[in-house]
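Enquirer: From first to last, the protein sequence lines stand for chains A and B.
The UniProt record's numbering puts the first residue of the first sequence at 1, with every later residue one more than the last.
The UniProt record's numbering puts the first residue of the second sequence at 1, with every later residue one more than the last.
A couple of the hints might just be wrong.
Footprint (simulated), chain A over chain B, 3 or more residues, beta carbon under 8 Å [what the hints assert, rightly or not]:
{"id": "1", "stretch": "102–113"}
{"id": "2", "stretch": "189–195"}
For each label pair, taking beta carbons as the anchor points, the in silico distance ranges come out as [unchecked claim]:
{"id": "3", "chain 1": "B", "residue 1": "Ala211", "chain 2": "A", "residue 2": "Arg120", "range": "46 to 56 Å"}
{"id": "4", "chain 1": "A", "residue 1": "Tyr17", "chain 2": "B", "residue 2": "Leu177", "range": "51 to 61 Å"}
{"id": "5", "chain 1": "B", "residue 1": "Gln553", "chain 2": "A", "residue 2": "Tyr17", "range": "49 to 59 Å"}
{"id": "6", "chain 1": "B", "residue 1": "Glu158", "chain 2": "A", "residue 2": "Glu82", "range": "20 to 30 Å"}
{"id": "7", "chain 1": "A", "residue 1": "Tyr17", "chain 2": "B", "residue 2": "Gly169", "range": "46 to 56 Å"}
{"id": "8", "chain 1": "A", "residue 1": "Thr64", "chain 2": "B", "residue 2": "Glu540", "range": "31 to 41 Å"}
{"id": "9", "chain 1": "A", "residue 1": "Glu82", "chain 2": "B", "residue 2": "Ala211", "range": "20 to 30 Å"}
{"id": "10", "chain 1": "A", "residue 1": "Arg124", "chain 2": "B", "residue 2": "Pro263", "range": "26 to 36 Å"}
{"id": "11", "chain 1": "B", "residue 1": "Arg589", "chain 2": "A", "residue 2": "Val24", "range": "53 to 63 Å"}
Stretches of chain A that chain B covers, calculated by requiring three or more beta carbons in the stretch to come under 8 Å of a beta carbon on chain B [unchecked claim]:
{"id": "12", "stretch": "18–27"}
{"id": "13", "stretch": "109–121"}
FYI, nobody ran anything at the bench for these hints, they're computed from the structure.
In this text, a Cβ means the ideal position worked out from N, Cα and C, and glycines have one as well.
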Amino acid sequence: MHTTESPVELAGVTRVYGKGDAAVRALDGVDIAFPAGSWTAVMGPSGSGKSTLLHCAAGLERVTAGTVRVVGGDITNATDAELTRLRRTEIGFAFQTFNLIASLTAEQNVAMPLRLAGRRPDRRDVRAVLDAVGLADRRRHRPRELSGGQQQRVAIARAMVTRPAVLFADEPTGALDTKAARAVTALMRSMVDERGQTTIMVTHDPAAAAAADRTLFLCDGRIVDRLERPTTREVAARLAALED
Amino acid sequence: MLLLAWNSFRDRWQVFAGAVLTVCLGTALVQSSLLALVAAATAPVPDHLAPEDALALQGAYDGAVTLLSMVLALAAFTAVFIVASTFGFTVAQRRRELALLRLTGASRGQVRSLLVGEAVLLGLAGSALGTVLGLPVMRAQTWILERFDFAPTGFAAEWRPWAVAVSLGTGVLIAVLGVLAASRRAARIRPQEALREGAGAAQVMTFSRWAIGLVCLAGAAVLYVLFPGGGAPLPVWFIQLTPFLVTVPLVVGCSALAPLAVPLAAGLLALVFRGVTGELALSNLRSDARRSAATAAPVMVLFALTAAIGGTLATVGEAGRQESLRTVDGELLVAADGPEAGIADAEGVAVVSAQAEVLFELAFAESGASWYEAHYGLAVDPAAYAATHRVEPVAGDLADLAGNAVAVSPAEGREREWKVGDTLRVRLGGEESEVRIAAILPPSVAGPEYLLPIGLAPEGTGPWEHVVRLDEGADPAAAAAHLAAFGSVTTAEESVDAAAAEDERFTRDTMIVLLGMTMLYTVIAIVNAVVIAASNRRREFAAARVTGLARGQVVALAFLESQAVVLIGLLLGALAAAASVLGAAAALRVITGTTVVAVQWPLLFGLALGAAAVVGATSLVTALSATRTPPIRLVAARE
Ligand SMILES: Nc1ncnc2c1ncn2[C@@H]1O[C@H](COP(=O)(O)OP(=O)(O)O)[C@@H](O)[C@H]1O
Ligand SMILES: [Mg+2]
Numbered sequence: 001m002h003t004t005e006s007p008v009e010l011a012g013v014t015r016v017y018g019k020g021d022a023a024v025r026a027l028d029g030v031d032i033a034f035p036a037g038s039w040t041a042v043m044g045p046s047g048s049g050k051s052t053l054l055h056c057a058a059g060l061e062r063v064t065a066g067t068v069r070v071v072g073g074d075i076t077n078a079t080d081a082e083l084t085r086l087r088r089t090e091i092g093f094a095f096q097t098f099n100l101i102a103s104l105t106a107e108q109n110v111a112m113p114l115r116l117a118g119r120r121p122d123r124r125d126v127r128a129v130l131d132a133v134g135l136a137d138r139r140r141h142r143p144r145e146l147s148g149g150q151q152q153r154v155a156i157a158r159a160m161v162t163r164p165a166v167l168f169a170d171e172p173t174g175a176l177d178t179k180a181a182r183a184v185t186a187l188m189r190s191m192v193d194e195r196g197q198t199t200i201m202v203t204h205d206p207a208a209a210a211a212a213d214r215t216l217f218l219c220d221g222r223i224v225d226r227l228e229r230p231t232t233r234e235v236a237a238r239l240a241a242l243e244d
Numbered sequence: 001m002l003l004l005a006w007n008s009f010r011d012r013w014q015v016f017a018g019a020v021l022t023v024c025l026g027t028a029l030v031q032s033s034l035l036a037l038v039a040a041a042t043a044p045v046p047d048h049l050a051p052e053d054a055l056a057l058q059g060a061y062d063g064a065v066t067l068l069s070m071v072l073a074l075a076a077f078t079a080v081f082i083v084a085s086t087f088g089f090t091v092a093q094r095r096r097e098l099a100l101l102r103l104t105g106a107s108r109g110q111v112r113s114l115l116v117g118e119a120v121l122l123g124l125a126g127s128a129l130g131t132v133l134g135l136p137v138m139r140a141q142t143w144i145l146e147r148f149d150f151a152p153t154g155f156a157a158e159w160r161p162w163a164v165a166v167s168l169g170t171g172v173l174i175a176v177l178g179v180l181a182a183s184r185r186a187a188r189i190r191p192q193e194a195l196r197e198g199a200g201a202a203q204v205m206t207f208s209r210w211a212i213g214l215v216c217l218a219g220a221a222v223l224y225v226l227f228p229g230g231g232a233p234l235p236v237w238f239i240q241l242t243p244f245l246v247t248v249p250l251v252v253g254c255s256a257l258a259p260l261a262v263p264l265a266a267g268l269l270a271l272v273f274r275g276v277t278g279e280l281a282l283s284n285l286r287s288d289a290r291r292s293a294a295t296a297a298p299v300m301v302l303f304a305l306t307a308a309i310g311g312t313l314a315t316v317g318e319a320g321r322q323e324s325l326r327t328v329d330g331e332l333l334v335a336a337d338g339p340e341a342g343i344a345d346a347e348g349v350a351v352v353s354a355q356a357e358v359l360f361e362l363a364f365a366e367s368g369a370s371w372y373e374a375h376y377g378l379a380v381d382p383a384a385y386a387a388t389h390r391v392e393p394v395a396g397d398l399a400d401l402a403g404n405a406v407a408v409s410p411a412e413g414r415e416r417e418w419k420v421g422d423t424l425r426v427r428l429g430g431e432e433s434e435v436r437i438a439a440i441l442p443p444s445v446a447g448p449e450y451l452l453p454i455g456l457a458p459e460g461t462g463p464w465e466h467v468v469r470l471d472e473g474a475d476p477a478a479a480a481a482h483l484a485a486f487g488s489v490t491t492a493e494e495s496v497d498a499a500a501a502e503d504e505r506f507t508r509d510t511m512i513v514l515l516g517m518t519m520l521y522t523v524i525a526i527v528n529a530v531v532i533a534a535s536n537r538r539r540e541f542a543a544a545r546v547t548g549l550a551r552g553q554v555v556a557l558a559f560l561e562s563q564a565v566v567l568i569g570l571l572l573g574a575l576a577a578a579a580s581v582l583g584a585a586a587a588l589r590v591i592t593g594t595t596v597v598a599v600q601w602p603l604l605f606g607l608a609l610g611a612a613a614v615v616g617a618t619s620l621v622t623a624l625s626a627t628r629t630p631p632i633r634l635v636a637a638r639e
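Isolated chain A (complex conformation) (with noise of 0.2 Å):
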């Protein structure tokens, strides 16, 4: 089915903020399918609409115009209990701050989503994904006692937990210094090469960006380019060649 092939496709998407004057067009009749078992970078000057555009894909942000499809079902008049069950189950998120409950430990984090989903949590998965981020030992630390490349790879690993159809990440290494930075990165990676998670991301950093399959870029709510592959230094190139 078609849809195995890209688990997200986007068709015609607008979205308007305000009315009138006041009225902003955070995308323009964005049309791009992500395929499955691909990780893709989304790039492009701070309010091109980046982060407009991973909220609708993701089904948190209501289009103005145009349908979004997550997993072969058009999510663009989910109701709010359909959207709930798609986050539980197709979707996972990662984001630049951690998000992480400050009460509760590393595992408990982790387990979350799936407690959330009614099911128990089976201690052996949830072991498994902190040892996949590289936390095993750390499981029964709480936010405040990890390291932010720790928080986000926690992050990570709660987001993963339910093996969702897609994982969604908006500036995962956007708090952190180069080397946590380029761990998140390399464990994003794996995921996508071991598990064939495929993965939507918004990123500033041009080597992140050049660890993923694809990059898009984004300017004034428009796809206006795209590298497959691309190596850091072309990717800053185009990114220095938009924000002028």
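Guided by the hints, dock chain B with the ligands onto chain A, whose structure is given.
Expert: Then chain B with the ligands, alone, in the frame of chain A:
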């Protein structure tokens, strides 16, 4: 879900400690009022007492029951109100955390049950503590009741085993009721609020806020219009209930609409607050209208209830005082143990009316049931009474007030149907007999409600009061000197003023009994709200300091904000109270024909200054402690 509830409970204990405290104190207060009420309602009246004494004792217990029902109602209302606003507030402060849960797959129902789960935990913890704390509170309450003569000496409430179940149930129920509205709001938090800074600035004036606010305002307005009663006089005891009928719904309505008052108050304060700190304080106030409104809520309830109950009672008292002054047509009053016949013959005395209060019971029988109602009547000589009081019967003639006849000033609905010539069954001095209604008196605030001929007064009635009208041109001072032989002499004004002073004392005592504990509770809630608000602002304060504000400026900022919040609370509270006092005045006007409004300015100013001082001091302390850490550590701190 329960684990998460427990975890978030354990981790945010500073915020939840405040909520537990409010539940604990609320439960203690409700439990203590309930036990005292049950004790008063079931208090035995010993058999060996004389009928009058038994009647008086029963009357004292009945009075205590009435008062304690109101204490209980106020305590329950305040507890639910305070707990609800505390919860609403903590939920508003946790939007991001709840949005994150939604993002990781929580359904709306799960967010709701998380909050309700927390509420159950809080309710259990709070009410377990409250059950224990309830005992000393109960002692204090019965002591106050006895100390101010609202309960017979020796009145004691005892702890009862079922109180534990009731208290735990009440505590959990109050907490859950309190959280229901907040949890519905929380369930509407959208997942992307976890992602976008500022997406959490949700609409403050939600539909339900509008709905609750407008329904309560409309309800109060309807009552307010009904208060003059379409021209029919209302019983005075009912008029005294206006604070409950008008102010309580207005408090709820005003607190729902409070965010609307924030920009108004900010605009007002812009005239006073100058400089960068002042401007910042006002913009903080406006930008977090919900926080401002939540902190203002306990101030509002404190001020509204005190001002409304105090003002209404004072207004009724003042209307009664003016009515008495208008009614008495005499210069002097002589108080004595027995009726003094000699006064009439004293030099300069034109006419004298001897009168004494008599406690009697009306007997009713209706559809198989029969019961007695205790009333006070005034035993008088009708001719002398008519000569010394400006009273025109509405029907009948005071001259017929002889033998087995009475005159009534109908107050209750049932009494209004009485006509001249009707017969009533009364029990007086242990004996039941039939009396005829000889005259209907106009409605009155100060009474008397019943006039009885002296012949009906039982043996030993007294003390007696003699209203004396002097001869034309007689010297009051000389007459007073003569009359001093019969008893203690005062002028009519002095006597009315003394009664009014007595009334004022009674009002004050009633307020202490009714409101004392509850108000103590709201003061703690006020401190609590300020502490909770500050606990979430460390980072905001730190950001302000990184931007260049000195620590002193940040503290000053917090202080100014706190004063603005107090002002909002006071304004809304005053509004809710004014409606009650004016409603009472309108109802009294129907009875007396004149408009009287009494406001206890010293009390209100004291209260306002006290609230400003308490909130100001708390915000200074919390802001100082929140700014102790160097700002950069907080701004850089991770989540
Ligand atoms: N909730 C919102 N209301 C109004 N405008 C918004 C909102 N969210 C984003 N925008 C606007 O939409 C545009 C795209 O925003 P965003 O997708 O966040 O850009 P990026 O992530 O590329 O920096 C910006 O101009 C931004 O100001
Ligand atoms: Mg963005």
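Enquirer: Please go over all the hints and tell whether each is borne out by the structure.
Expert: Now for the hints, and whether the structure bears them out:
no., hint, result
1, 102–113, "holds (count 8)"
2, 189–195, "holds (count 5)"
3, B/Ala211 <-> A/Arg120: 46 to 56 Å, "violated (41 Å)"
4, A/Tyr17 <-> B/Leu177: 51 to 61 Å, "violated (38 Å)"
5, B/Gln553 <-> A/Tyr17: 49 to 59 Å, "violated (35 Å)"
6, B/Glu158 <-> A/Glu82: 20 to 30 Å, "violated (58 Å)"
7, A/Tyr17 <-> B/Gly169: 46 to 56 Å, "holds (49 Å)"
8, A/Thr64 <-> B/Glu540: 31 to 41 Å, "holds (34 Å)"
9, A/Glu82 <-> B/Ala211: 20 to 30 Å, "holds (28 Å)"
10, A/Arg124 <-> B/Pro263: 26 to 36 Å, "violated (56 Å)"
11, B/Arg589 <-> A/Val24: 53 to 63 Å, "holds (60 Å)"
12, 18–27, "violated (count 0)"
13, 109–121, "holds (count 5)"
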